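Colleague: Sequence:
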Amino acid sequence: MSREVKVGSATRDAGSAVAVKEINRHPKFVQNSKPEYDIAILRLKDDVKFTDSIKAIGLASTSPAVGTKGRVSGWGRKDDGVDSTTLRDVYVPVISNKDCQKYVDAEGITISNRTFCALETGKGPCQGDSGGPFAVDGKLAGIVSGGNECGDAKSPSQYTDIANKDIRDWIRGVNGF
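End of the sequence shown = 1011 in our numbering, gap-free, step of one.
Just to be clear, a hint being listed does not mean it is correct.
Here are the in silico distance ranges between beta carbons for each label pair [to be verified]:
(1) 905 with 859: 23 to 29 Å
(2) 836 with 955: 21 to 27 Å
(3) 884 with 954: 30 to 36 Å
(4) 933 with 885: 37 to 43 Å
(5) 847 with 1003: 35 to 41 Å
Cross-link-like lysine-lysine pairs, in silico, PhoX-like; alpha carbons within 25 Å at most [as the list claims (entries may be wrong)]:
(6) 988 with 999
(7) 957 with 903
(8) 957 with 936
(9) 957 with 988
(10) 840 with 889
(11) 973 with 999
(12) 957 with 883
Everything labelled a hint here was simulated from the structure, so no lab data went into it.
In this text, all values refer to a predicted model and were calculated from it rather than measured experimentally.
Where is the CB? At the ideal position from N, CA and C, for every residue including glycine.
Based on the provided sequences and hints, a complete structural model is requested.
Modeller: What follows is the structure in structure tokens.
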């Protein structure tokens, strides 16, 4: 199955498609397990030309503090359960890992220092947003890993923490720097 990424548009039917050459998943990631090490780096077949509508994002050097609002964006489902045709975004605040653990204990999920959570009633990523960014001050702080219900007051969304040393070292190793 060939994969591609779309760049340069906030609507699904516009922009340019770039084929994926290689998918590098974190070697410690286990599907349907804890929401940690849930990260992959895609190598594209062709270079992407940066423009006003196509930009790179830097990586956050510190984990987002409790209360910090991050911008989550994605093409996931809307409230009506239909996949979005336009890129959507929302700002959600980080909660403590201790508070997050209380919410997810019943699901058998363990929140580690390689993850962080965000929660705000009526706001959050939905099905189809996994892999999307959690950006703070224009830097990538996290990657959407999981959550149960879109914006449910009792279901925090979980993110892979880009600033965690294990995650950061892996990114550097895959990218050769």
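Colleague: Take a quick look at whether residue 957 and residue 936 sit within 25 Å of each other, Cα to Cα.
Modeller: Holds - the C-alpha atoms of residue 936 and residue 957 are around 19 Å apart, at most 25 Å.
Colleague: Regarding residue 836 and residue 955, is the given constraint of 21 to 27 Å on their beta-carbon distance met?
Modeller: violated (40 Å)
Colleague: CA of residue 957 to CA of residue 988, is that 25 Å or under?
Modeller: holds (12 Å)
Colleague: Lying within 35 to 41 Å: is that true of the beta-carbon distance residue 847 to residue 1003?
Modeller: Check passed, 39 Å falls within 35 to 41 Å.
Colleague: Regarding residue 884 and residue 954, is the given constraint of 30 to 36 Å on their beta-carbon distance met?
Modeller: holds (32 Å)
Colleague: Hinted pair, alpha-carbon criterion (25 Å max): residue 988, residue 999. Please report holds or violated.
Modeller: Outside the cut-off at roughly 29 Å; violated.
Colleague: Measure nothing beyond the straight line between the CA atoms of residue 840 and residue 889; if it is 25 Å or shorter, mark the hint as holding.
Modeller: holds (13 Å)
Colleague: Assess, step by step, whether the Cα of residue 973 is no farther than 25 Å from the Cα of residue 999, and give holds or violated.
Modeller: holds (17 Å)
Colleague: Confirm or reject the claim that residue 905 and residue 859 have a C-beta distance inside 23 to 29 Å.
Modeller: holds (25 Å)
Colleague: Quick one, are residue 957 and residue 903 close enough, alpha carbons at most 25 Å?
Modeller: Roughly 12 Å between the alpha carbons, so the hint for residue 957 and residue 903 holds.
Colleague: Hint check: residue 957 vs residue 883, CA-CA at most 25 Å. Holds or violated?
Modeller: violated (33 Å)
Colleague: A range of 37 to 43 Å was offered for this pair. Does it hold for the Cβ distance of residue 933 and residue 885?
Modeller: holds (41 Å)
In the structure shown, a violation is registered for the earlier hints numbered 2, 6 and 12, in ascending order.
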